[in-house]
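Residue numbers (the numbering used here), protein chains in the order written: chain P, 142 to 947; chain U, 142 to 947.
Keep in mind that the hints were calculated from the coordinates and are not lab data. All of these numbers come straight from a predicted model, not from anything done at the bench. Cβ atoms here follow ideal geometry from the backbone N, Cα and C, with glycine treated the same way. The reader is advised that the hints may include incorrect statements.
What the hints assert, rightly or not - Below, a list of computed lysine to aspartate or glutamate pairs in the EDC-like style, where the Cα atoms sit at most 16 Å apart:
| # | chain 1 | residue 1 | chain 2 | residue 2 |
| --- | --- | --- | --- | --- |
| 1 | U | 823 | U | 805 |
| 2 | P | 802 | P | 615 |
| 3 | U | 802 | U | 625 |
| 4 | P | 823 | U | 805 |
| 5 | U | 529 | U | 704 |
| 6 | U | 823 | P | 820 |
Unchecked claim - One side only, chain U facing chain P, incomplete, derived with CB under 7 Å:
| # | residue |
| --- | --- |
| 7 | 227 |
| 8 | 692 |
| 9 | 827 |
Unchecked claim - Covered stretches of chain P (in silico footprint by chain U; criterion: 3 or more residues with CB under 8 Å from a CB of chain U, positions within the stretch not fixed):
| # | region |
| --- | --- |
| 10 | 259-267 |
| 11 | 442-451 |
| 12 | 508-517 |
| 13 | 534-548 |
Listed below, chain by chain, are the residues.
There are 2 protein chains.
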Amino acid sequence: MESMMIYMPIALATLGLIYMLVKKSWVMKQDAGDGKMKEISDHIYEGALAFLNAEYKLLAVFVVIVSILLAVVSFIVPTTHWLIVIAFIFGAVFSAFAGNIGMKIATKTNVRTTQAARTSLPNALKVSFGGGTVMGLGVAGLAVLGLTAFFIFFFWFFMGSEWTNTMDMTIVLETLAGFSLGAESIALFARVGGGIYTKAADVGADLVGKVEAGIPEDDPRNPATIADNVGDNVGDVAGMGADLFGSYVATVLAAMVLGNYVIKDMGGSISDAFGGIGPILLPMSIAGVGIIISIIGTMLVKIKSNDAKEAQVMGALNIGNWTSIILVAAACFGLVTWMLPETMQMNFFGEGLQEISSMRVFYATLVGLVVGAVISSVTEYYTGLGKKPILNIVQQSSTGAGTNIIAGLATGMISTFPSVLLFAGAIWASYAFAGFYGVALAASAMMATTAMQLAIDAFGPISDNAGGIAEMSEQEPIVRERTDILDSVGNTTAATGKGFAIASAALTSLALFAAYVTFTGIDGINIFKAPVLAMLFVGGMVPVVFSALAMNAVGKAAMEMVEEVRRQFRDIPGIMEGTGKPEYDKCVAISTEASLKEMMLPGLLTIGFPLAIAFIPMIFGMDPLAIAEMLGGYMAGVTVSGVLWAIFQNNAGGAWDNAKKSFEAGVEINGEMTFKGSEAHKAAVTGDTVGDPFKDTSGPSMNILIKLTCLIGLVIAPILGGHADETGLANNDTNVSIEMIVDSKDLAKATVNYSTIKEGKKTSEVIIFEGTQVEVEKELNNFEASLTNEAGDVIKVIEKVDISKS
Amino acid sequence: MESMMIYMPIALATLGLIYMLVKKSWVMKQDAGDGKMKEISDHIYEGALAFLNAEYKLLAVFVVIVSILLAVVSFIVPTTHWLIVIAFIFGAVFSAFAGNIGMKIATKTNVRTTQAARTSLPNALKVSFGGGTVMGLGVAGLAVLGLTAFFIFFFWFFMGSEWTNTMDMTIVLETLAGFSLGAESIALFARVGGGIYTKAADVGADLVGKVEAGIPEDDPRNPATIADNVGDNVGDVAGMGADLFGSYVATVLAAMVLGNYVIKDMGGSISDAFGGIGPILLPMSIAGVGIIISIIGTMLVKIKSNDAKEAQVMGALNIGNWTSIILVAAACFGLVTWMLPETMQMNFFGEGLQEISSMRVFYATLVGLVVGAVISSVTEYYTGLGKKPILNIVQQSSTGAGTNIIAGLATGMISTFPSVLLFAGAIWASYAFAGFYGVALAASAMMATTAMQLAIDAFGPISDNAGGIAEMSEQEPIVRERTDILDSVGNTTAATGKGFAIASAALTSLALFAAYVTFTGIDGINIFKAPVLAMLFVGGMVPVVFSALAMNAVGKAAMEMVEEVRRQFRDIPGIMEGTGKPEYDKCVAISTEASLKEMMLPGLLTIGFPLAIAFIPMIFGMDPLAIAEMLGGYMAGVTVSGVLWAIFQNNAGGAWDNAKKSFEAGVEINGEMTFKGSEAHKAAVTGDTVGDPFKDTSGPSMNILIKLTCLIGLVIAPILGGHADETGLANNDTNVSIEMIVDSKDLAKATVNYSTIKEGKKTSEVIIFEGTQVEVEKELNNFEASLTNEAGDVIKVIEKVDISKS
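The following block holds chain P by itself, in its conformation from the complex (with noise of 0.2 Å):
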């Protein structure tokens, strides 16, 4: 059973997504409720496609113009494949199609859940949290199935599906980075895109329906409220989705990468039943396994109350959550004890080789699970409604706006304190347990439960939906009570789900960091050097600066749509009555549009940076060693300043939401109880307006500009890196020839046995006598050359042999 192991993650990612087929045609026959409900149902659904289809034709536009500077690159650079394009375009494309079945899913359930609703709130939990699990996983079994696919193609292309060095290895890890690449680009466009999407549609919407023609939220009279229900799937579906896609794929391949660097701390090679690559494997083994418990997670959120309320909802979920969790931290125990070493080492920058258990490294996945668990507690103590910081937020609302701006500005700057002290405290624990692959497996054991959190997240989104179908079609107060307070929890989990998000986005690029300095070659980044030093600052800045361009993006796009639907106002007849019917396509054209355009700078900075760092300085001839290292604080500046502004943004946001959602129910304030339309009130909705564009657009965008950032690096790194490895070999040499001077005559043959970067492996024999001089000159990136006596019995491997650069 071991040897097959490696066809294991791909099996169960199969498993995941033949359960998700199921799931989904349960779902879709569910009755989808009445003509009118069916109606603006399709609206949403057309209106989610036309964003997905402009979407999709930018993107093709943007995979194929980095597709050919991947190919040119890899042309160029011996140590970049061409395949890597094929992983890269591979990428993009699953994580499109996991985006769409998503979108699809969620568009379809919503009415289907406000139909549900009708009959009882069980059922409508049960359909809308069935299209989460859907979503859910999509996106997990296609990143599972995708990545582990690729592997096994490259293990078996680069290394004829056998172990033969870690050299070898990296280059098939290198190639592989080319996929979660493709994901990550595209979770900039659906996570960034989308944010600007959803936060210009509401904007747009409420800025002229209830501002200036005072009808209510979600009317079918204003045209911009499809718009503002696609925003919704757009941004907190797709955009999610592809957020931790992303995440997902970069956690498991950086966790390989640094599985291969354990490999070659214990001298290149290991033998255990897995074919040598156990610490390789284990990662995908994790996520593999995490499908299948995430299934079970989902089968066990149910209420059975008609009664219930949001408390119930919620321990429902929390039960499914919760025993996910525990179930990950039991798989990780027996993956680990049963896939690693007993005892490995490992190479501690500063410290040398520590002999490491495999107890070691299940305890730094307990940290990720930890960690996983609490970033929700301490965002749900710094937005929940009732807690502490939410209440000081309400108080500071009585002296105005002003006061109530500065309390959620304090409010979400307090929250990186037990944040950040929560990252280092799991950057140090899981490395003081198993060095940068604790780290990276941290993050692994944390993302298991991926399908289980994005059923959870996306099931928000969906009664949400359900909600605003419910008014628009004018079901009873009780269909839009039970969706209200499914969308109530949703609100929760929304929150909540920001801070897994980041959590996950931080650990993946500590991963990926860690996996780029292993790449480069590089012994390390030192901040006393004044480059590095400056790019630590340059880095810091970006994540500053792209949050501004996305908050401004917002307004532009957000005014667009004002003037289109002031138009339709004024243009369409009888619009006001209701007997005119509103352009909903129109406005979700300009949305669609305006974030897609609106999105190119923030990401031209994103993508721009890195590559500025890397090749301006190499023009002028920079030794790529001190670029790479440049290259790395830069890096370390974007992760650092990008996981602060994340938090700060997304608990601001969430806080001035619950704050001014206190209202609702009525608030204490100085001993009066203070309800909507207060002053108070008043000033609380001008810091949710602060908010939106907070949480919701450039708080989680942080999330892919960090992931992102790290995985560029790590594509350009061997460009810039040598593989220094131990056999000596500098990767900057096209041409690099082995002389190997024979000094016995009792030798017949010489094997060599080599591999190049074009061509894979390779195998030389040549006859020989005293004296003879073998010689291969090829863009080598691994040798081993073997002198055999004339029965052909191998009697000396020659494992260190000069190395005369061409």
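Model the placement of chain U on the given structure of chain P, informed by the hints.
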């Protein structure tokens, strides 16, 4: 002359102080106006004194505690000398004294400016700028005087006023760091406490006075109005003064440390006309000359026409400022070529020793001057009236406070882009020219005009106060118009002054950071080590949390003020009619107490974190060098994040302020002229409320946070690091014995020159025979052994001898 060069800075500083006294007596001789003006001025003077006295009491306690701690440390740690305690106390006292001079002259000049404004605008400028000049020269003079006096003393004490080696000089400079730490500690109280004071008084006065009671600003019936005016002096005069005093001292100190490092790189000693310490004397000399240049600059600031407007006044300031900068450039050229060896060797990390010509050091100083000038322009672009960012915020005010806030936040965030690129470029360039010595000298050159900068800075609040006194004493409108012109220019210089302050703090911190590495003897700060990376995260978080605490502190202190003002309005009969006299002193007392109380928590955060990072792992037995690297990571995190948040908050705050002010003259929004009192203006006022603590409390506090963090690191450094110097003596040994077995019978005497940390330079002579063993058992930090024959001629100098640790 060259050999007397060490006394030059002290002489120039004394000259500066004498000029200050002359200027001061001139200002004091000016007419202080009529009875009512004097009365108000006296209230402000007394209020300022009340704050100073309360601050001094708290300070005294703080200084005593820190002194005891330092004394304990110097008792336990052999490399730390108890004289650091004396240096610390003097640093604190000098800084406090400088603040005292500034505060007193500012509160005496304000009323004289009002009186002068009754005659003409040129006179008003002359008086107010005269007050500023006194302040500037007081700060700069005392800073240079104190620092150089202590250097001369320690140089004599530890080295007998003669060059021995770099290790001894390190001890001198480490002890001198106490002076800098003392100065920066005062800055913490003055800048952070002062920042809280000024905004608490301002907000408190406005909330009750303007909003509740409906009386104008600066109305004498408002009990908080004196506190408000005191606040201007406390925050903008004393706070800014202490901030720059600290930067000035720290920059020069860091440059001296790195100058010593240059000497080390050149083999441990150089021979020049300056006793072999040219590179160490240079930064002090630049500072000394800078004082004289500043005096020249201040003399050029004058206007002739009584009808001058803001532009002419600004022009006069610019002439003075630019002349100073150009003169400093010329002085740097002269001093650098005169005092430095023509070529030096400097160690560049990762690149080894390089030959550096003294001209390259000069170029580095130019980099500093350019940064100082450009950062002001950048700041002015993002915060200046009529500039694009401000017009955009004005535009966004038309759709409400929410969009105004978003636009202001975005402006502050985007302003980090050019600022950080400027800093990063400066780090890179000055390092490329002359290593970290270049970075520190860039900072020194920029800081050379500190006296001039402070004069420009301080004249603003003086004019602001003068306007307030004109209002309160009911002068003719022309008086207020004239002071308003000065005040308006003062607002611009306040913004650019903040830019200068943060640039100085950033460069100072970098220089301190570099000095830190040389003190600890670590060979870099590798963020690929997980604990270092974790501390980089933690360091990045601290400025964010600090800012939040500072903002909240303003809110709390303002609320206490509000309560008091309400009480007085309620309890004092006839207060609104002008017959009852408000109890100004109570309000002053409340502001004073609240601000000092509220600064405790952020202060604790600033001091506590580096101490915890250093000492907690030490208790657990962690390797001191590993701790030193972690602490370095923390320092880098604080610096990078602190600079970002300082720029963000200062510029956002400045932008909101001027967006609000734009409405006073009227602005065009969507084709319509809009004025004060409009909805858009109200939105802009809300933005300004948020911006106030940003730009006057939390933003400027970042300067102190980053400098103090790096200084604490520097003071802890000897405890953590070994002085892993070329002599090979480890500093962690309390007892080192030197064995020198003489192998020749031709020798009659061995003279061993050595120095011990506690006793200073010593000589030991031993009559020797063949086989004699010379032993010196002391807490050594240096030795040199020479063998002399009977005639007393040195025939052999032993540079290396066996050292055995006892």
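Kindly indicate which numbered hints from before are broken by the structure, ordering the numbers from low to high. 2, 4, 5, 7, 10, 11 and 12
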